[in-house]
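Asker: Chain residues, written in single-letter form:
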Amino acid sequence: MDNALEVERLSVDFAGHRALDIVSFTLPPGQLVGLLGPNGAGKSTLFRAILGQVEHTGAVRVSGEIPSYVPQGDTVAADFPATAADVATMGRFGHRRWWQRLSRDDHAAATAALETVGMAEHAGCTFATLSGGQRQRVMLARALAHDKQVILLDEPMTGVDSVSRDAIAATIARLRDDGRTVLMSTHDLSDAARSCDRLIFLNRRIIHDGPPATTFTPEVIQAAYEGAAVMLTRPDGGSFGVLDDAHHHDHGSVHGHSHAPSHEEHHHP
Amino acid sequence: MSLITEPWQSGLVARAGVALLIVGILGGVIGVFVVVRGLSFTVEAFAHTAFPGAVLATAAGGSIVLGGLAAVLVTAVAIALAMRSDRISDDAAISVVFTGLFAVGAILFTTLGPFDRDITSFLFGSLLGADRRDLVMLSAGALVVGAALWALRRPLILTSFDPAFASVVGTRPGRVQLALLGLVGVSVVIAVQAVGNMLVLAMLVIPAATARLLTRRLPATFAVSVAAGVLATLIGFYVSYYASAATGACVVLAAVALLLIAALARPLIRRGRSVAVGGAAAPTSA
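Protein sequence lines correspond, in order, to chains F and X. Quick note on the working numbering: the first sequence kicks off at 2 and runs consecutively. Quick note on the working numbering: the second sequence kicks off at 61 and runs consecutively.
One or more hints might be untrue.
Stated by the list, open to error - Incomplete in silico selection of chain X near chain F, CB under 8 Å:
#1 D222
#2 V228
#3 R232
#4 T281
Hints in this document: simulated from the structure, not taken from any laboratory. All values reported here derive from a predicted model rather than from experimental measurement. Note that CB positions come from ideal geometry on N, CA and C, so glycine has one too.
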């Protein structure tokens, strides 16, 4: 199998509602792919289907073992009695049989992962006391310690501060440079266009799949967001998309969870 | 010194004290996962749903404990299945199973009785009636539950913190939940006939809740929970003996008092932590 991940004619239904409709794509090794689409487009469902956590039709093939996964931050029990080091170490649990103790190598891998995401100095802090961005970095460290070829990141930038945002972005770029395959869902269109090798626009089905140069267009973005997105143009002539809040208030809390670029981002290179 | 040793001179009282200590330790251990995963109401349910099994077993001339165990295992499966459903909330599902099975037990009790054995002790406990055989069974049950929890420690940690990631490392959250419910059910059945259902609920919840107030990591939570369970048991035991008060109630009140002290001490402990140099990585013991 040359590809790191192959998804073929994947469909998911929830109580008669089609959440994903015949989705197919392949991811080669060493590629960072942005998964974009409005809330309810099926991004998290696609991750759960790839991980075998929801019933689906079609095929999912992964090179090697099951991918590693960083879920959205609000899905974990943040008040669980554990430090950042404990959470990172959870990434090593699958590497040992139930009767085996974790080795020094396991603890070293967790410590190194925390250093990679810039959280080594907070290793002894209780997870519950960390900020949202710090928690997200610790969860990313857990995925690094898990040490898999394919890594799925479900909105890793949501609700994070700028320091954590930079640390997460640097870590993801490093993973790609190390030959890992990263599939990352995000609401930040301009950031995805800047950092990803390829963008997959999803709205229950794949709207468009290709490099930012061909997919980051007003037509594609507005088709994916069903008209609820607009394109803005930077002073340098480049363009980027933002979510139109007026359209999304009817659908829930897109604004609250999204990090659509503000007008300040005109200054970004 | 005699004040401390005097209660243990009587075999009857000493056996009651040992039974309480075993339940204190058992409750302190499994109570951590009960509290962390919000299963307190499930413990209460188990204490009642064991009743129809005990009644049927008595009517058939079998073991009350085995009948109770069978009933709680059925309850565990029913609750685990109900918890998977999105159409009914967990507490509503537990309420349905809990009240339904207890009602079945009440009807069986009135229609199949009267019995020549007293099975009401299965509900309310018979602390002073604990004999050597009861203590052996309690000890064996506690050891089995403790060993199973140790074997399942990583799946339990993963599914308690992040079920989505747990499945990525090969853990099946549904099966882990079922296993934990089964262990909680076994703990309740082996403890309830010695100490009664109120004390079982108290010992499986309050010490662990006390530990959660004071600790930041799971190993420490277990240690403080067991210590709180044993301390509450000893305090309640001695107060009960010298004040001639109901033993179960004394133990429960001692546990509640420890929890209140922990709640009052918590701000001081947090202040101490913030003053201390923190941030050093500590290896997990999982």
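Asker: Hint by hint, say whether it matches the structure.
Answerer: Results of checking the hints against the structure:
Satisfaction of the interface hint for D222 of chain X is found here, the shortest Cβ-Cβ separation to chain F being roughly 4 Å, below the 8 Å cut-off. Hint on V228 of chain X holds. Least Cβ distance to chain F is approximately 5 Å, under the 8 Å limit. Because the beta carbon of R232 of chain X sits about 10 Å from the nearest beta carbon in chain F, more than 8 Å, this interface hint is broken. Checking T281 of chain X against chain F: minimum C-beta separation of about 5 Å stays under 8 Å; hint holds.
Comparing the model with each numbered hint stated earlier shows that hint 3 is the single one that does not hold.
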